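Enquirer: Given only the sequences and the hints, what does the whole structure look like? Please build it.
Sequences listed follow chains A and B, in order.
Residue numbers for the first sequence follow our numbering, so the first one is 1 and each next one is one higher.
Residue numbers for the second sequence follow our numbering, so the first one is 1001 and each next one is one higher.
These aren't lab readings, by the way, just hints derived from the structure by calculation.
Note that the structure is a prediction, hence the values are computed from the model and not measured.
Check before you lean on any hint, since a few could be wrong.
Part of the chain A face toward chain B, derived, beta carbon under 10 Å [what the hints assert, rightly or not]:
| hint | residue |
| --- | --- |
| 1 | Val4 |
| 2 | Gln38 |
| 3 | Leu101 |
Straight-line C-alpha distance at most 25 Å; calculated PhoX-like pairs for lysine-lysine [said to hold, decoys possible]:
| hint | chain 1 | residue 1 | chain 2 | residue 2 |
| --- | --- | --- | --- | --- |
| 4 | A | Lys67 | A | Lys56 |
| 5 | A | Lys2 | B | Lys1057 |
| 6 | A | Lys42 | B | Lys1022 |
| 7 | B | Lys1013 | A | Lys42 |
Listed next, with one range per pair, are the computed distances between beta-carbon atoms [claimed, not checked]:
| hint | chain 1 | residue 1 | chain 2 | residue 2 | range |
| --- | --- | --- | --- | --- | --- |
| 8 | A | Ser69 | B | Asn1077 | 37 to 45 Å |
| 9 | A | Leu113 | B | Arg1016 | 47 to 55 Å |
| 10 | A | Lys110 | B | Leu1114 | 31 to 39 Å |
| 11 | B | Pro1008 | A | Ser40 | 15 to 23 Å |
| 12 | B | Asn1077 | A | Ser28 | 34 to 42 Å |
| 13 | B | Pro1039 | A | Gln80 | 22 to 30 Å |
We treat Cβ as the ideally placed atom computed from N, Cα and C, and that holds for glycine.
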Amino acid sequence: QKEVEQDPGPLSVPEGAIVSLNCTYSNSAFQYFMWYRQYSRKGPELLMYTYSSGNKEDGRFTAQVDKSSKYISLFIRDSQPSDSATYLCAMSGLTGGGNKLTFGTGTQLKVEL
Amino acid sequence: AAGVIQSPRHLIKEKRETATLKCYPIPRHDTVYWYQQGPGQDPQFLISFYEKMQSDKGSIPDRFSAQQFSDYHSELNMSSLELGDSALYFCASSGPGLALETQYFGPGTRLLVL
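Expert: What follows is the structure, given as structure tokens:
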């Protein structure tokens, strides 16, 4: 079983919809939670970064972490066709020497006109 | 803003050949990470360096080696290439310091082994 589970989709929504992307994890050592967006054949682009439980908002994006349930979410409001990409959750903990990221498998999102 | 630079962007090699991938981190970033992403898969951590010393090691084959140089750029050397090594190889950087900051990824090197 993978340490981080993520529904691979694909997820198709109409323009303007609210999108909810989710990940669950099993390793209690994870303390830092990130969401990356990856367009086809490109490098992952950092969207959101949160520490511990709670919410964080940045424009149309809201990241939510529930450490008690080992569950994180990314909400995208007023989704746009340009949001069509693969969204990867990633996590890291205190490893004592660098913060390697453990990724989910990614959710493929398509926002249609 | 300056980003992580990787070269080459594309590389075609034959089985049993050797490949060298280069990574130039964001200025003032002193930590470099290497990830391998197979088709349709999530990035898998290979190895990381902080201040020119290996800081962590993941699922990196013994055929691969890497180092970080005095200017903080890093090179991933891959020998005896196998078909299964075909993948996207990403470099990410963070810093300064081992603070728990986020990693910024480069555009990747697409390696195809024939």
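Enquirer: Would you mind marking each hint as holding or not holding in the structure?
Expert: Hint-by-hint comparison with the structure:
With its C-beta approaching chain B no nearer than about 8 Å, A:Val4 sits inside the 10 Å limit, and its interface hint holds. At about 9 Å, the closest approach between the beta carbon of A:Gln38 and any beta carbon in chain B falls short of 10 Å, and the interface hint on this residue holds. Checking A:Leu101 against chain B: minimum C-beta separation of about 6 Å stays under 10 Å; hint holds. Annotation: proposed proximity of A:Lys67 to A:Lys56 holds, straight-line Cα distance about 14 Å (limit 25 Å).
With a C-alpha separation of about 18 Å, the suggested pairing of A:Lys2 with B:Lys1057 holds against the 25 Å cut-off. Between A:Lys42 and B:Lys1022 the CA atoms are separated by roughly 17 Å; this keeps the pair inside 25 Å, and the hint holds. A C-alpha spacing of about 21 Å is found between B:Lys1013 and A:Lys42, which places the hinted pair at or below 25 Å, so the restraint holds. As the Cβ distance of A:Ser69 to B:Asn1077 is approximately 43 Å, the hint placing it in 37 to 45 Å holds.
Range check, A:Leu113 to B:Arg1016: Cβ separation about 49 Å, and the 47 to 55 Å hint holds. One distance hint, 31 to 39 Å for the beta-carbon pair A:Lys110 and B:Leu1114, holds here, with the actual separation near 32 Å. Distance hint for B:Pro1008 and A:Ser40: a CB-CB separation of about 19 Å, consistent with the stated range 15 to 23 Å. Roughly 36 Å separates the CB atoms of B:Asn1077 and A:Ser28, a value that falls within the hinted 34 to 42 Å.
B:Pro1039 and A:Gln80 have their C-beta atoms about 27 Å apart, which keeps the hinted 22 to 30 Å range intact.
Every hint, counting from the list given before, is met by this structure.
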